[in-house]
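J.: Letter by letter, the chains look like this.
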Amino acid sequence: MITMLTNNTSAVETTPQQASPASEVEQTSAMETRGIHAWFGKNHVLRNVSLQFPSNSVTGLIGPSGCGKSTFLRLLNRMHEFIPTAAMAGEVFLDGQDIYRPGAAAAELRLRVGMVFQKPNPFPSMTIQQNVLAGPTLSKTKVANKKDLVEDCLTRAGLWKEVKDRLDAYGSSLSGGQQQRLCIARALAVRPDVLLMDEPCSALDPGSTLRIEETIHELSESMTIVIVTHNMQQAARVSDYCAFFLSEDGPGHLVEADLTKVIFSNPSDQRTADYVQGRFG
Amino acid sequence: MTTTFVPDKLVKPARPWRRTHRSILAMLGFIAIAGLSSTGIVAVTGLAGPLGWYVGFVFSLAVFGFLGSFFRDRVVAVDLFATVLICTAFMTVLIPWVSIFYSVIKRGAPAFYKGYLTTDMLVTSSGEALNLGGLSHAIVGTLLMLAIAALICIPLGIIAAIYIVEIKGRFAGAVRFLTQAMSGVPSIVAGLFIYSTLVILVFHSFSGIAGACALAILMLPTVTRTAEEVLKLVPDHLRAASYALGASQAQTTFRVVLPSVRSGLITASVLGLARVAGETAPLLLTSGYFIKLTTNVGNGAIGSLPTYIFSTLGAGTQESVTRAWGGACVLLALILILFIGARSLGGRNKGR
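In the order they appear, the protein sequences are chains A and B. For the first sequence, my numbering gives the first residue as 1, with consecutive numbering after it. For the second sequence, my numbering gives the first residue as 1, with consecutive numbering after it.
In case anyone wonders, no lab produced these hints; they're calculated from the structure. Check each hint, because a few of them may be wrong.
[What the hints assert, rightly or not] With a Cα cut of at most 25 Å, we get these calculated SDA-like pairs of lysine to any residue:
id	chain 1	residue 1	chain 2	residue 2
1	B	Lys12	A	Ala105
2	A	Lys140	B	Lys12
3	B	Lys12	A	Leu73
4	A	Lys119	B	Asp79
5	A	Lys42	B	Thr20
6	B	Lys12	A	His44
7	A	Lys119	B	Leu238
8	B	Lys12	A	Ala104
9	B	Lys12	A	Asp274
10	B	Lys12	A	Met79
11	B	Lys232	A	Tyr170
12	A	Lys142	B	Leu238
13	B	Lys12	A	Phe82
Using the sequences and the accompanying hints, generate a full structural model.
T.: Here it is as structure tokens:
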């Protein structure tokens, strides 16, 4: 279950927001952030975000451009630190352990927290099959039956039927939507517990988008998914929970997080209501 | 319902992914242990001298790193070991670099006096006392020839690179192939070519221009190939954006592509200049050797730093050898100044 945990701005919301009674079912959270801040150089881009991502659910991160959603996402699998000026504060827990604790291995974390990027990025020098197996190969993980793993991942990514006869073709020979599903299959092959998706459909046509949304829905039965999207309808369609970010000329922060149906039908913050109804942003 | 409330207090930016002070201390300790053990090895075994100590040091690093991986957290130990190994490799590569600078400066320093950079050798023989004469003629000659060579070669090299990358003309493959072949031409062959054409047939004497042409031939492949690689880095969508605004190919190349890689092109040019600044053989055949300060590049021999070093070293006396080291010192400094100047020039106005 997800709770809104910032007390970012006004005196109006001094107490943490309670989620709706419907979400009171006890659920374990796969991942949790506590008081996360992010900086690029001196620029404070993300302020005090605390969120829980319940197991086997889809959480949508919504908000206008530049409000820190993608930065927040990249903090969850330690991709933030690749930017030379980046700094952060706060804790991110995966299975009760802070992923930023001293001595924590970032590479091992990323095996458990996969990522799908905005633009499809299959490795151009690898075939479809090699692309899917890239994760286990690169991390030197033993795979008992490669054929089964490839078929399983491609099926779960909704691409198997289209490519089963040409697994030795290069990834770049696929269409954009197929490439993105190949990237999802590639991310699945290391069997992550959490899958992060940074606007995975923004470069795709409606048909491919629909296909990937179905994929996300099926995947959420077995893993936790966090998805950044600019598309309100998409957030409403695929996510179980929604978190609304806003920057308001300062660092980005979390305005409200709740069940998706609450966010879209009865949000507790006026700014959330304005945003999901398209009145600003 | 689980709720975590985090007060929005002032927090400081941190970088938990950076090395901690403790791990840096561990690394220094590791190096110290390896150093001590190496001292022991030198005392006990046949290894001797600084080089022997260094061999023992690297050996100890490997052994202790291997042993350490059994006792400590494996990932941490491997990281520590790899870091120290890479630092050691860096130091190893640094040894010849530092040693060259050290010996050139140490042995060249006695040649310097107040007038060393401002007098020529017209009335001084290279065996005379070190407070007479100087190498102003060589500095001026080298700078003049480098300038002329740059004027000839840099436009040619960049145009060739534009032809290969931007125009992709019918002969692009041939031009690229010939450029690559040219980079293998021995410098003395370039000198002989200019000697047999410009020196014998056109000028009928040694000249600065002939020397500059020989240098330009040697520079051309370096400049062309570096410029080609730099131009290839320009993403195609930049060109597409320019074409989509109705720009012609020439406008796209000169107003969009070239400015966006300005600093890369400057680097290409300086690499070429640095490559030829120390060439001796072609200059002996084209610009000759001269002891008087002159700026006449059209007719007659002209001095240069490499030929100054070559000829004073050949004289064999102690003073003349010191003069040769002094010349080497000035040549190194000249190339360094060229590099720094070009870097600061290219760094201005963000141009990649």
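J.: Give a verdict on every hint.
T.: Taking the hints in turn, this is what the structure says about them:
no., hint, result
1, B/Lys12 / A/Ala105, "23 Å, holds"
2, A/Lys140 / B/Lys12, "38 Å, violated"
3, B/Lys12 / A/Leu73, "20 Å, holds"
4, A/Lys119 / B/Asp79, "33 Å, violated"
5, A/Lys42 / B/Thr20, "21 Å, holds"
6, B/Lys12 / A/His44, "10 Å, holds"
7, A/Lys119 / B/Leu238, "18 Å, holds"
8, B/Lys12 / A/Ala104, "21 Å, holds"
9, B/Lys12 / A/Asp274, "33 Å, violated"
10, B/Lys12 / A/Met79, "20 Å, holds"
11, B/Lys232 / A/Tyr170, "24 Å, holds"
12, A/Lys142 / B/Leu238, "43 Å, violated"
13, B/Lys12 / A/Phe82, "19 Å, holds"
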